[in-house]
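Trainee: Single-letter residue listing:
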Amino acid sequence: MSEPLVRAEAAAKHYRVLKRQRSTLRALKSLCSREKLTMDLWALRDITFSMESGEKVGIIGRNGSGKTTLLRLLAGIIEPSSGSIRVAKEPLALFKFWIGQNADLPVVDNIFLFGAVCGMKRAEIKPRIAEILDCADIRDLGFAPLHDLSLGQRQRLALSIVFQAPADFLIFDETFVHVDQAFYRQCDAFFVRLTKSPRTMVITSHDHNFLKKYCQRALWLDKGRIRRDGPAAEVLEAYDAES
Amino acid sequence: MNRHAIGQLFRIRIKRLASPANRNVLLEMVRANIKASDYHSFLGGMWSLIGTTAMLAVLYFVFSKRFGQDIQGYPLYLLAGIISVNFFITATSYLLRVLIFNRDIALNSTIPRENLMLATISINAWKLGIEMVICTLLSMAYGFYTWRSALLFFPVLLAFLALVFGVGLALSLFYCFARDVEHVWVIVSRLFLFITPVFYTVESLSPTMRTLILYLNPLTPFLKAMRAIFLHGGALAASELAHCLILGTAALSLSYFIFLRWEGAALDRT
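Sequence order for the protein chains is A and B.
So the first sequence is numbered by my numbering: it starts at 21 and just counts up by one.
So the second sequence is numbered by my numbering: it starts at 58 and just counts up by one.
Heads up, some of the hints might be wrong.
What the hints assert, rightly or not - Some chain B residues judged to face chain A by a derived CB distance under 8 Å, without partners named: (1) 92; (2) 167; (3) 171; (4) 198; (5) 268.
As the list claims (entries may be wrong) - Pairs of lysine-lysine, BS3-like flavour, derived with a Cα cap of 30 Å: (6) 116(A) to 92(B); (7) 146(A) to 116(A); (8) 232(A) to 216(A); (9) 122(B) to 92(B); (10) 146(A) to 72(B); (11) 116(A) to 243(A); (12) 216(A) to 233(A); (13) 109(A) to 72(B); (14) 122(B) to 141(A); (15) 141(A) to 216(A); (16) 56(A) to 232(A); (17) 109(A) to 243(A); (18) 56(A) to 233(A); (19) 116(A) to 72(B); (20) 216(A) to 116(A); (21) 92(B) to 146(A); (22) 92(B) to 141(A); (23) 49(A) to 39(A); (24) 109(A) to 39(A).
By construction, these hints were calculated from the structure, which means they are not laboratory data.
Being a predicted model, the structure only gives us computed values, none of them experimental.
For glycine and all other residues, C-beta sits at the position ideal for the given N, C-alpha and C.
Next comes chain A alone, as it looks inside the complex:
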């Protein structure tokens, strides 16, 4: 039997959060009195699941239930505090719609930069620049500084680059909120292609129709624990019934 793409075993993650605002004096006082300035906040506990290649998984849960932390663990951005998470393939993760940007540089340079983050070389991106600009509907702004673009245009640009990425394993964290109707059609076309492809996807979203349409499986996180794991339609129905 082949190894699953993702295997999480009793994974947990805690953050140390400050009890009150830190100052040097407070830090020194706590050092002398051995009283901790921080407290442990468990974002995830006892997370056990596995994922096969090609699966499309939606993660649902209320705000603060640990969805983003789980995605960060899957992406290898943070390490679990205990337990283990093994991911066989490095994913392309999109948490904010634009990262690694340099707003003073022209759009084209930022396409090269973000394209590299998405796993593409200059030679691969160059012939696709016109297509990316067209898709983002900013064909005439290729040489404008990125800071001249509106937030919506930047979001479209970032997603247009992601649509070109060759990654086999994609992670999206609420990436498609606030896209306009016209661009939503491009996103829809991308997800239709993705659903039919052998690529793997994990996505968090509060849009249940979207998840029902593109994900076969859903994980419901509640207060950092997996409440339910199963076919997307069933899990979403159970979640809706409770909330």
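Take the given structure of chain A and dock chain B to it, following the hints.
Mentor: Relative to the frame of chain A, chain B by itself:
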């Protein structure tokens, strides 16, 4: 995290850093940083060199009579010192803020945090490179430069970069835990201009001060090495070269060990 876990993490991180995909990301980040910096344009680059030139002029006019009489090529002696110490001060100050300033990228992307540091230091290293070329040309004009100088230059430069990167890595981590680190470093780093033999010679100091400045100030061996390369045709003793290499390697290894051990906790504090 125990030593075994850090060792495992170290292997994973180095493998990832050296992967072709990451090399491509790093290259694009460096390109973007340099392109967005002053050093990309001719005039911008000139501005950055004006600071060094002005400092050279001031130090030369003030100290050339007192310290420069016995040193052949005193302007080059000063320049090599100013460039090295300025690079140390500027690069560490930039590196110190990397994790805090790039918190969003560090927590929301798979870009290795080391890339953020390397891309940041690349701007200063670019400027250092230009200044070192000027030093080389001056050294050639004086007739000091030999094949031995050329041979020794890169190991010394690499060790120096390792030292600066190591110090910056550690500072960026400490800064996440205590913001006072920035204020302290601003004061301490300025002192390096005076506690490092930039305009005076080590020999002009008392024996006690000489020992202190040579062995407690990590920059002194590098300055001595740079001057041996640019002013003395590469007449650098093996022990002096070893001193530089050990300092650079030790600073980088120790800082990276601390970085791997504490980066998670540090990012929780950003």
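Trainee: Which of the listed hints are not met by the structure?
Mentor: 3, 4, 5, 9, 14, 16, 18 and 24
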